[in-house]
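Those protein sequences? They're chains A and B, same order as listed. Note that our numbering has the first sequence beginning at 1, numbered continuously upward. Note that our numbering has the second sequence beginning at 1, numbered continuously upward.
FYI, nobody ran anything at the bench for these hints, they're computed from the structure. A few of these clues could be false.
Stated by the list, open to error - Okay, the calculated bits of chain A under chain B, using three or more residues with CB under 8 angstroms as the criterion:
| id | stretch |
| --- | --- |
| 1 | 30-41 |
| 2 | 135-146 |
Said to hold, decoys possible - Partial pick of chain A residues on the chain B-facing surface, computed with a CB cut under 8 angstroms:
| id | residue |
| --- | --- |
| 3 | M1 |
| 4 | T80 |
| 5 | H93 |
| 6 | R96 |
| 7 | A100 |
| 8 | G102 |
| 9 | E149 |
| 10 | Y154 |
| 11 | V158 |
Heads up, the beta-carbon is just placed ideally off N, CA and C, and yes, glycines get one too.
2 protein chains.
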Amino acid sequence: MAVVLVTGASGFLGRHALTALRSGGHEVHGLSRRPPADDACIWHTADMLDADAVARLIRSLRPSHLLHLAWMMEHGRYWTSPENVRWVEATLHLARHFEAAGGRRFVGAGTCAEYTWDDAILGGRAIDEQRTPRAPDHFYGIAKNAAFELLAAYSRAVGLAFAWGRLFFPYGPDRPTMLIPEIVTALQDGRPALCTHGRQRRDFIHVSDAAAAFAAILDSGVSGAVNVGTGTATTIADVATRLGRLLGRPELIKLDARAARPGEPQCLVADVGRLRDEVGFVAKIALDEGLRATIASLSGTRDDHRNA
Amino acid sequence: MAVVLVTGASGFLGRHALTALRSGGHEVHGLSRRPPADDACIWHTADMLDADAVARLIRSLRPSHLLHLAWMMEHGRYWTSPENVRWVEATLHLARHFEAAGGRRFVGAGTCAEYTWDDAILGGRAIDEQRTPRAPDHFYGIAKNAAFELLAAYSRAVGLAFAWGRLFFPYGPDRPTMLIPEIVTALQDGRPALCTHGRQRRDFIHVSDAAAAFAAILDSGVSGAVNVGTGTATTIADVATRLGRLLGRPELIKLDARAARPGEPQCLVADVGRLRDEVGFVAKIALDEGLRATIASLSGTRDDHRNA
Chain A
1 MAVVLVTGAS GFLGRHALTA LRSGGHEVHG LSRRPPADDA CIWHTADMLD
51 ADAVARLIRS LRPSHLLHLA WMMEHGRYWT SPENVRWVEA TLHLARHFEA
101 AGGRRFVGAG TCAEYTWDDA ILGGRAIDEQ RTPRAPDHFY GIAKNAAFEL
151 LAAYSRAVGL AFAWGRLFFP YGPDRPTMLI PEIVTALQDG RPALCTHGRQ
201 RRDFIHVSDA AAAFAAILDS GVSGAVNVGT GTATTIADVA TRLGRLLGRP
251 ELIKLDARAA RPGEPQCLVA DVGRLRDEVG FVAKIALDEG LRATIASLSG
301 TRDDHRNA
Chain B
1 MAVVLVTGAS GFLGRHALTA LRSGGHEVHG LSRRPPADDA CIWHTADMLD
51 ADAVARLIRS LRPSHLLHLA WMMEHGRYWT SPENVRWVEA TLHLARHFEA
101 AGGRRFVGAG TCAEYTWDDA ILGGRAIDEQ RTPRAPDHFY GIAKNAAFEL
151 LAAYSRAVGL AFAWGRLFFP YGPDRPTMLI PEIVTALQDG RPALCTHGRQ
201 RRDFIHVSDA AAAFAAILDS GVSGAVNVGT GTATTIADVA TRLGRLLGRP
251 ELIKLDARAA RPGEPQCLVA DVGRLRDEVG FVAKIALDEG LRATIASLSG
301 TRDDHRNA
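One chain only, chain A, in its complex shape:
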């Protein structure tokens, strides 16, 4: 049994990761600034940006495995914020103290934004860990890519097992500002969902599948970067149309109602060969099933708010 410390444990991905790790039989510890009042894991309170507090926790807990999911994810800011640099510092500091305290395997959350998003280079092909150039455009991708390069070199130098899951487009109920919950909320309110042309193809993965993939990577012996996606490209128009149908309001889906962002890439889909063949993980939640769960969960949240 591994002693696993999960950073960002109360976050979007973290909550689902705790479930996956516990069902794998591990002793699971969660780090959060504000741990929830539940027994999803053994909770520890600390701010990841408080270097001394993190060092103290690692020294006292001595985890064998680390699943590092924490990062600044404030909507509308994380993509370009200078705080990304603080998260690189915190990540390196975490890895050093983990290794010094006898840690054996470090798995971190990367992003598909580490790769180039240039359609001309991607050519509509699936993104491959080895062959696709990494040329991130924004600070978030630059920071994650630099963290990956540094952790990979550090791990080689000290003999630490290291893997890095590059997450594609997770969806689920907990990020109300993202595309899918936004459409659901509009339709539930009887408002039209104003979409772009919708021909952009993305690799959407349900957050609980994504979390289970990270747990599987932690349990595996795989080294280096592994894409975390489904391998299936779905157009945004298809997702919107499914949501219209599932919610019984297809007429509220308005394609071509607003302009796509300039330079928005056409196709971002993972080659999941490594995840499938080396980690042995395949996403299980079909898109309609994941969308239904998201709708149900958002309805519950909104009913709670209305009843409150």
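Given the coordinates of chain A, work out where chain B should sit on it, guided by the hints.
Below, chain B alone, put in the same frame as chain A:
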């Protein structure tokens, strides 16, 4: 007049940078773990890896300009040491505190080891800041490249002026373990200098020229990476032969006396177009002159040791 703080100020490059900056009319402060007892600048004592000490100094001094030369440079270790990651952390921390204290321009020391050293890709051409791929092989180059990527993104996000000098092959008297001082010392002792085939071409730049280039970059408005070299490729055999002649012991230069390291690149020379045209700096010290100065300085050092 700028208030310039130089990190690594008592080091190989730092000592010469202080001279260049003072002759440029700046108020020059030097940071060092063990400042020398001289008035080459206003000295401050701190360990760059002591985050609190660095933050305190920056807050009290409030420099307008920062020339960040400090890095772990222990011979035989810096190329692969896991401590490289601590220097990335220290560098990011330094930049953040500098910016928070009103700092305006940050110039850091990069390295030609950030670029690919693959002969097949370089094809004997000069290394260009934009066109040559960055694909460092060793931890030192990986760490410097990651620091560059992060500092460039951070500076864009916060509006800090930022430049990065990628230093090629500095030589001078202060690194007795490097090629040129090693040959000089052997010949001064009457021992043969055992060289490889010597056909490798390198861009050797005298350390005082390199330091003057960094001072010029600091004074310029140039943004991003600038190669710091002479633009001239010299074979190691040529350097060795010159040293034999200058020291009057040509017969002690033994080419083909040992094997080159596997994968040692054939030609590493800077395209100095940016340094020349945008910074307005051209290296002044011809190779024979630099070699003579190195020989004279090493003779002095050795006489001092003998007399002590």
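Verification of the hints:
Closer than 8 angstroms: that is the beta-carbon criterion, and the stretch 30-41 of chain A has 0 residues meeting it against chain B, so the requirement of 3 is violated. Residues of the stretch 135-146 of chain A lying with their CB closer than 8 angstroms to a CB of chain B number 5, which satisfies the three-residue condition for coverage. The restraint placing A:M1 at the interface with chain B is violated, with a minimum CB-CB distance near 28 angstroms, outside the 8 angstroms limit. Contact between A:T80 and chain B, as hinted, is supported at the beta carbon level, the nearest pair being about 6 angstroms apart and thus within 8 angstroms.
For A:H93, the shortest C-beta to C-beta distance to chain B is roughly 6 angstroms, which falls under 8 angstroms, so the interface hint holds. The interface hint given for A:R96 holds, since its Cβ lies 7 angstroms from the closest Cβ of chain B, which is under the 8 angstroms cut-off. Taking 8 angstroms as the C-beta contact cut-off toward chain B, the hint placing A:A100 at the interface is violated, the least distance being around 10 angstroms. Interface restraint check for A:G102: the shortest CB-CB distance to chain B comes to about 15 angstroms, outside 8 angstroms, so the restraint is violated.
The closest approach between the C-beta of A:E149 and any C-beta of chain B is roughly 5 angstroms, which is under the 8 angstroms cut-off, so the hint is satisfied. Hint status for A:Y154: holds, given a least beta-carbon distance of 5 angstroms to chain B, under 8 angstroms. Checking A:V158 against chain B: minimum C-beta separation of about 5 angstroms stays under 8 angstroms; hint holds.
Of the numbered hints stated above, those contradicted by the structure are hints 1, 3, 7 and 8, listed in ascending order.
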